[in-house]
Amino acid sequence: MWLPLIGLIIGIIIGLKSPSLPQTWAQYMSVAVLAAMDSVFGGIRAGMEKKFDDTIFITGFFSNVLLAAGLAYIGERVGVALYTAAIFAFGVRIFQNLAIIRRHILKK
Amino acid sequence: MALKRGQVYVAIVMLFLGMMIAVQVRTTSRLQQLSPSTRVQELTSSLREVTDERDNFKNEAQDLRQKLDEISAGKGNVSEAVQDELEKARIQAGITAVRGKGVQVTLNDSPKELQPGENPNLFILHEEDLLKVVNELRAGGAEAISVNEQRLLSTSEIRCAGNVILVNTKKIAPPIVILAVGDPDTLSSGLQIKGGIFEQMKAWGLVAEVAKKDNITVPAYTGNITFSYAEPVK
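These protein sequence lines are chains H and W, in that order. Going letter by letter, the first sequence gives residues 0 to 107 in numbering that gives the first Met the number 0. Going letter by letter, the second sequence gives residues 0 to 233 in numbering that gives the first Met the number 0.
Please note that the accuracy of each hint is not assured.
Said to hold, decoys possible - Here are the simulated lysine to aspartate or glutamate pairs, EDC-like style, with alpha carbons at most 16 Å apart: (1) Lys3(W) to Asp53(H); (2) Lys3(W) to Asp52(H); (3) Lys170(W) to Glu126(W).
As the list claims (entries may be wrong) - Partner residues are not named here, just some residues of chain H that face chain W (Cβ under 8 Å, in silico): (4) Pro3; (5) Leu7; (6) Ile13; (7) Ile93.
Quick caveat, the hints were computed from the structure, so don't treat them as lab data. Keep in mind that this is a model prediction, so the values were computed, not measured. Quick reminder that beta carbons are idealized off the backbone N, C-alpha and C, glycines included.
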C-alpha cells in the first residue's frame, strides 16, 4: 500500500528538480495529467474488484497519455479544441471510478 | 504476489503523475509571474506617466515663451531694432507661427491597386521623397515650412521609423500636407521642373500636388527647445 505513495512523492521531487517546460507544452501536460489520474483511479477500482491486471494497467496508462497528448497536438494544429474530448472522457471516467471505489469501501 | 507486482506498476504510474503535476504547477506559477495582463498594466501606467511628463513640459515651454513675450513687449527701453531682430530670430527659430504667400504641397501613397507580386514598398511615400520635396522648397527660398502641422526647425529630422515617418520626433502618416511660406511661383516651379522631384514621384504613381496660396499660416513649433551640448562662443 505504501509503494504507490512513495512513487508519488519521488515523482513530485523529480518534477520539482527537473527543468521547467516551455509554455506551449502546458496544454499537453494538463491532458496527460488527467490521463494519468484516470489510470490510477481505474487501477484502484480494478484492484478493489480483484481483477487487477498489471499489463492492462501499464499499457492503458501509456496509451491514454499518448492519445490525450496526441489529440491536444492535432487539435492545436487544426485549430479545433480536440483536447476537450480527452478532458471530457477522462473526467467522466474519473468520477465514475471514484463512485465505484467509494461503494467498495463503504461495503467493507 | 500478483498484487505486489501490481503495486509496483501503480507506483510507477504515480511517479509519472507526481512528476507531471509538479512540473505543471511550476510552469503555471512561472506563467502567472509574467502574465500578459500585468505587462499591459505596467505599460499603461508608464504611458500615463510619460504623457503627464510631456504635458508638464508643454506647459512649462508655454510659460517660458509667455514670459519672453512679456519681457520683449513690456520694456520701453528696448529699441525698435532689437525688437525687430528678436522677431526675425523667432521666425527663424520656428517658435512663432507665420503667415503669408506660399504653397500647399499634398503628397500621398499611390492610389493604384497593388498587383500580386509587386513590391508595396515601391508605391508608398518614403521619407526620402519628403526630404527631397522639403529640400526643393528650401532651395526655392521658403521662409517657413511645416509638415503635417510640424514646423521644421534647423534641428528637425525627417526620418523613417518602421512604417511611419518621424518629424520633430512626432509620427506623421500620409496624406502629408506641407505648407511653405515663400514666393509661390518659384516654389511650385522648383517642384514641378522637368526631371525634378514631382516627376520622379509621379513615375511611381505617388500623389504629388502643389497649390499656390495667397495666405497660408505655418504653425509654430510646440515642443521644447533645449541645448545640452552646444553653447555660444564668446
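To see whether the hints hold, each was checked on the structure:
Taking the CA atoms of Lys3(W) and Asp53(H), the gap is near 10 Å; set against the 16 Å cutoff, the hint holds. At roughly 11 Å between alpha-carbon atoms, Lys3(W) and Asp52(H) fall within 16 Å of each other, so this suggested pair holds. Taking the CA atoms of Lys170(W) and Glu126(W), the gap is about 12 Å. The hint holds against a cut of 16 Å. Proximity of Pro3(H) to chain W holds as hinted, the smallest CB-CB distance being about 4 Å (cut-off 8 Å).
With a cut of 8 Å, the hint placing Leu7(H) at the interface with chain W holds, because the nearest CB-to-CB distance is about 4 Å. The criterion of a C-beta within 8 Å of any C-beta in chain W is met by Ile13(H), whose closest approach is roughly 5 Å, and the hint holds. Annotation: interface hint on Ile93(H) violated; nearest CB of chain W at approximately 12 Å, more than 8 Å.
When the structure is compared with the earlier hints, a violation turns up for hint 7 alone.
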